[in-house]
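Please take these sequences and the hints and turn them into a complete structure.
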Amino acid sequence: MGMSFSLAWRLFKHEAKRGELTIILLAIVLSVTSVLALSLFSERLQQALTDRSAEFIAADSQLRSRNPVPDEWIQEAKNRGIDTAFQLSTRSMVFNQNNLALSDLRAVNTEYPLKGTIKITDTPFATGYETQNRPQPGEVWIDSRLLQLLKVDIGDQVDVGDIKLTVANILSEIPDAGFSVFNTDPMLLMSSDDIAATNITGPGSRVNYKYYFAGDRGEIESYYDWLRPQLDRELHRWQSIEDDDSAIGRSVARAEEFFLLASLLAIILAAVSIAVAAQRFSQRHFDPVAIMKTLGASKQMVRRIYLIQICFITVLGIVIGIIVGYLLQLGVVALLADAVPVAIDTWYWRPVGIAVFTGITCALLFSLYPLLQLFSVPPLRVLRKDIDATLSSRALQFVFSGSAVFILMMFYSGDFQISAILFASGALLVASLVGMTYLLILVGRKFGTSGIGAWTLAWARIRRRAMGNSVQLISFAITIMLLLVVLVMRNDMVKQWREQLPQGTPNYFLSNVSETQKEGLVQRFEEFDVEYQDFYPVARGRFVAVNDENIRTEVSKEGDEPAREGRRGLGREANLSWSTTLQKGNEIVEGQWHDDWQEGEPVPLSIEKEIAERLEINMGDQLTFNVGSEQIVATVTSIRLVDWQTLQPNFFFVLHPKAMENFTPTYITSFHLKDSRKSEISNLMAPYASVTLFDIDARIDQLREIIDQVSMAVEFILVLVLVAGSLVLIAQVQASMDERLQELAILRTLGLRGSRIRFSVINEFLIIGVVAGLMAAMANEFSLYLLQTQVFEMPFNWHLEYWIIAPVAGALVVGILGAIGCWRLLSLNTSSLLRKMV
Amino acid sequence: MSTTPTMIETKSLIKKVNTSEGSLQILQPISFEVKSGETIAIIGASGSGKSTLLGLLAGLDEVSGGHIFLDGEPLHEMDEEARARLRGEKVGFIFQSFMLVQSLTALENIMLPAEIAGMDNPKERAQKIIQQVGLEHRAHHFPNQLSGGEQQRVAIARAFITQPKILFADEPTGNLDSANSQKVEDLLFKMNDELQTTLVLVTHDNELAKRCQRQLNMNAGTLTEVTQPLKVIAGGE
Chain A
1070 MGMSFSLAWR LFKHEAKRGE LTIILLAIVL SVTSVLALSL FSERLQQALT DRSAEFIAAD
1130 SQLRSRNPVP DEWIQEAKNR GIDTAFQLST RSMVFNQNNL ALSDLRAVNT EYPLKGTIKI
1190 TDTPFATGYE TQNRPQPGEV WIDSRLLQLL KVDIGDQVDV GDIKLTVANI LSEIPDAGFS
1250 VFNTDPMLLM SSDDIAATNI TGPGSRVNYK YYFAGDRGEI ESYYDWLRPQ LDRELHRWQS
1310 IEDDDSAIGR SVARAEEFFL LASLLAIILA AVSIAVAAQR FSQRHFDPVA IMKTLGASKQ
1370 MVRRIYLIQI CFITVLGIVI GIIVGYLLQL GVVALLADAV PVAIDTWYWR PVGIAVFTGI
1430 TCALLFSLYP LLQLFSVPPL RVLRKDIDAT LSSRALQFVF SGSAVFILMM FYSGDFQISA
1490 ILFASGALLV ASLVGMTYLL ILVGRKFGTS GIGAWTLAWA RIRRRAMGNS VQLISFAITI
1550 MLLLVVLVMR NDMVKQWREQ LPQGTPNYFL SNVSETQKEG LVQRFEEFDV EYQDFYPVAR
1610 GRFVAVNDEN IRTEVSKEGD EPAREGRRGL GREANLSWST TLQKGNEIVE GQWHDDWQEG
1670 EPVPLSIEKE IAERLEINMG DQLTFNVGSE QIVATVTSIR LVDWQTLQPN FFFVLHPKAM
1730 ENFTPTYITS FHLKDSRKSE ISNLMAPYAS VTLFDIDARI DQLREIIDQV SMAVEFILVL
1790 VLVAGSLVLI AQVQASMDER LQELAILRTL GLRGSRIRFS VINEFLIIGV VAGLMAAMAN
1850 EFSLYLLQTQ VFEMPFNWHL EYWIIAPVAG ALVVGILGAI GCWRLLSLNT SSLLRKMV
Chain B
5 MSTTPTMIET KSLIKKVNTS EGSLQILQPI SFEVKSGETI AIIGASGSGK STLLGLLAGL
65 DEVSGGHIFL DGEPLHEMDE EARARLRGEK VGFIFQSFML VQSLTALENI MLPAEIAGMD
125 NPKERAQKII QQVGLEHRAH HFPNQLSGGE QQRVAIARAF ITQPKILFAD EPTGNLDSAN
185 SQKVEDLLFK MNDELQTTLV LVTHDNELAK RCQRQLNMNA GTLTEVTQPL KVIAGGE
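Which chain is which? The protein sequence lines are A and B, in order. Using this note's numbering, read the first sequence as starting at 1070 and increasing by one per residue. Using this note's numbering, read the second sequence as starting at 5 and increasing by one per residue.
Simulated from the structure, these hints should not be mistaken for lab results. Be careful, since some hints might not be right.
Only part of the chain A face toward chain B is listed, based on derived beta-carbon distances under 8 angstroms [what the hints assert, rightly or not]:
(1) LEU1076
(2) VAL1138
(3) ILE1189
(4) ASP1191
(5) LYS1362
(6) THR1363
(7) ALA1366
(8) ARG1372
(9) LEU1376
(10) VAL1451
(11) LEU1452
To list a few chain A residues with every Cβ distance to chain B over 10 angstroms, as calculated [stated by the list, open to error]:
(12) GLY1284
(13) SER1309
(14) PRO1448
(15) GLN1586
(16) GLU1596
(17) LEU1881
Just so it is clear, the structure is predicted and the values come from calculations on it, not from any experiment. Glycine included, each C-beta is placed from N, C-alpha and C at the ideal position.
What follows is the structure, given as structure tokens:
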């Protein structure tokens, strides 16, 4: 053992010094570096984005309730070291002498908000700034709109319920204001200590209680496990940032899946490069193994020497990889510091663990087959150079590398679907390439017999080394395919995100527009040259029955008998709209849109798909709504898919206008006003004081900022994968150059002109590049189809341009790399070429 | 002479290889003996089967039939592991292409067989023997930093470090110019003499072959003892 160790150490030391381990070391360093940098960065980014999403609910988790919850619940959270905060919200009239307004009243304790900040402003409608203060007892903070409606100023008093409170600040923003076009009452923030005195929470009032929780994720989860059995589905709702189904939540979730994908691809890339490097390492050691065996070394001794050596290489590779990976992501984090606020002070052990595991698994599993080959080299090779390893089983190699890749992907992602998709694409690629290889042999046989032109030589070489080339072809094609997948996914994803918020996205919503105001507003918009959207009629209706079955629209009050089992309602009034034109971004998935309704038929209604599923409503069902004192009965004639990610008003129920003939509608609409023209808003809306104006610029900015950050992070990952991919390509060309050395030396010695040899080698690489690119484009399309439809839930598009780009780029890149490699070789004179061969 | 123990003995040794056109017998039944301390040369044209025979005698290859005894041990019955042990204990090698481990220094290459055999103080032994081949100043050079002649001297030192009973040399001067050839030959025979090693030398160089006590000619897989002066045979080719 001691002997094997010292011999292994000596071999390792000398080979490392002489640069003979560079390629395999680089491959391991690459795998560890890319996996570490990717996962470290994405971990940090995820943390940053999670924090960001937490701001939208002002906490890590929230418990909403219709009633105050028992004190023990909150005490239990505190005992577990979880921070808590509280908010009570209701809609309440606020008065100032003769002025009154309905307000969105929020009463909070001093701990609120646990995440995010409250913003105030000094002048109405100006941009807000953060404050650490909270409304004190006796104070109210009201927003600019309420300030206007009540005609008050800072220092004035307003009546809230039974008490008078002093306006202390102009409120600009709270983290969990929510975003609802229909719920746009101006906001009032006050201390929860004053609530009891106001008497506004008496019987009959609709009050919501929110309890906020922030702290260690595990603690919160275990707290929720404790709490869950005590919750009443009808009264309580638990919400965590993971449940975020908003546009932002979905973007972040998708970005996370992309990071996962990119990291998996980086692992495969690293694995491919280690496989190539290990093959080369093994071949270089055929002679030393034969010599050692000849000199009496047992199989066990040889095995020990090389396994120890591989361990040395792995350890060195992992150490360098961790250092480089850490520095790299540190650099990137510094570069992106302004755009993506990620914390760099925390050290995440998980990515380091993953990187080390990847390094070890890749290095050991991928060198297993080459090492087995190496161990099988017979001693007779010392006499006959043409004797190679006796173990040669491509199937065995595929089994080893295939299972290694799959194990790694499963370990890393814990996601069978995504792993299986990538694995299947890879397997398809390998299978087609092996088939292709045999085809090449056949085609080459016809070509390779006439003359020694550069193309003929190239073909002849490809044919002769078909099997060797197939390995090369596979590794080139896999590399190109992986790069394509990452590139296309990134492009499609960023494009889709940007489409969510195109330039000119409405940043103001108007509701409560009366029939008479509609005409005037249109004129005014045109006068002011403002881009406005359609006007949608709205009526509030209570959804009361499906067919003959009554449904509950109110939750049961405390102390009441539980309502009979049955269909759950919407819990509150629904907004009904009516139109004969299908709204943009809506798609009929069942039935037909009601644009050609005939008098005498039942009134048609179109329902949104998710709500239909939730309320178990099917096509042909008869729905009854109470609107004011009237009753409307309509039949479901179509089910719509609605893209909730667009910031457009959308409706669960759209009726035929006929059904609503007797109602005076109010309208909602939206418009876009550039930043530079924001000062015109009060002038623009001056004649329409009763119309509710809702400014969602802050929301849009937040959304856009997050999308930009995520896109930038995604782009960084793309660059990282591209760099990794290029390194792998270089390693592959380098490895294949060694194999070509002998042939080049012979051709050169025989006097073939350098230019002709060069062209033939370049042509060979060009052909390999084109084929690899084409195959990669095919496998790319296949895996994209599966990824986009199965994992990312995006619409699938064909990527025909890549069927051209991939082979061209493949030919160019592989050709250029090949040219550089062979230029270097051919600049050596014949004798040094021959010497290099020994 | 008859009291001298036999170092190598073959009986009806044959070797067959499988080719695409079926089985091909490349060694006809060969029977001969080499006494301990004897030096023999196996001569013959390229492709006559010299190296194949050497590979079998040295236990690098498996026989297809017949018997080989090396220092009384039945090589033909042994598996690769047992043969490796035997080689490590009793056999030294010198090759035409030197066969040094490129990533070990001259000194480390010389140490290698001693280490594999588990001998004590391999480094001291190697330092002593490298002086005998006159390369102590090149001890820490790598093979590719040495000339062909120097590399072969390292190989000779490596072959003798374990004081093997038998030394197999395959065209030891085949890759060297005449000046270096002479030096290497002299060194080889001098050290062989000193250690009384049995030498089996494969060569097509008649001059070199003549320095051995016996010469055997390999022709189309058949081995015959050369009884006439070598020049005649060389002239007759």
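Comparing the hints with the structure gives:
1. With a cut of 8 angstroms, the hint placing LEU1076/A at the interface with chain B holds, because the nearest CB-to-CB distance is about 6 angstroms.
2. A hinted interface residue such as VAL1138/A counts as satisfied when its beta carbon comes closer than 8 angstroms to some beta carbon of chain B; here the least separation is about 73 angstroms, so the hint is violated.
3. The criterion of a C-beta within 8 angstroms of any C-beta in chain B is not met by ILE1189/A, whose closest approach is roughly 72 angstroms, and the hint is violated.
4. Because the closest C-beta pair between ASP1191/A and chain B is about 75 angstroms apart, greater than 8 angstroms, the hint is violated.
5. Hint status for LYS1362/A: holds, given a least beta-carbon distance of 6 angstroms to chain B, under 8 angstroms.
6. Interface restraint check for THR1363/A: the shortest CB-CB distance to chain B comes to about 6 angstroms, inside 8 angstroms, so the restraint holds.
7. A distance limit of 8 angstroms between C-beta atoms decides the matter here; for ALA1366/A the minimum to chain B is near 5 angstroms, and the interface restraint holds.
8. Taken as an interface hint, ARG1372/A does not check out: its beta carbon lies about 12 angstroms from the nearest beta carbon of chain B, beyond 8 angstroms.
9. Below 8 angstroms, beta-carbon pairs count as interface contacts, and LEU1376/A has none with chain B, the closest being about 17 angstroms; its hint is therefore violated.
10. A least Cβ separation of about 5 angstroms between VAL1451/A and chain B falls short of the 8 angstroms threshold, and the interface hint therefore holds.
11. The restraint placing LEU1452/A at the interface with chain B holds, with a minimum CB-CB distance near 5 angstroms, inside the 8 angstroms limit.
12. The beta carbon of GLY1284/A is kept farther than 10 angstroms from every beta carbon of chain B, the shortest such distance being approximately 57 angstroms.
13. The Cβ of SER1309/A sits about 58 angstroms from the closest Cβ of chain B, beyond the 10 angstroms cut-off, so the non-interface label holds.
14. Its closest Cβ contact with chain B, about 5 angstroms, brings PRO1448/A to no more than 10 angstroms, contrary to its assignment away from the interface.
15. No beta-carbon of chain B comes within 10 angstroms of the beta-carbon of GLN1586/A; the shortest separation is about 88 angstroms.
16. Against chain B, the non-interface label of GLU1596/A holds: every CB pair exceeds 10 angstroms, the least being about 85 angstroms.
17. The non-interface label for LEU1881/A is consistent with chain B: the shortest C-beta to C-beta separation is roughly 36 angstroms, beyond 10 angstroms.
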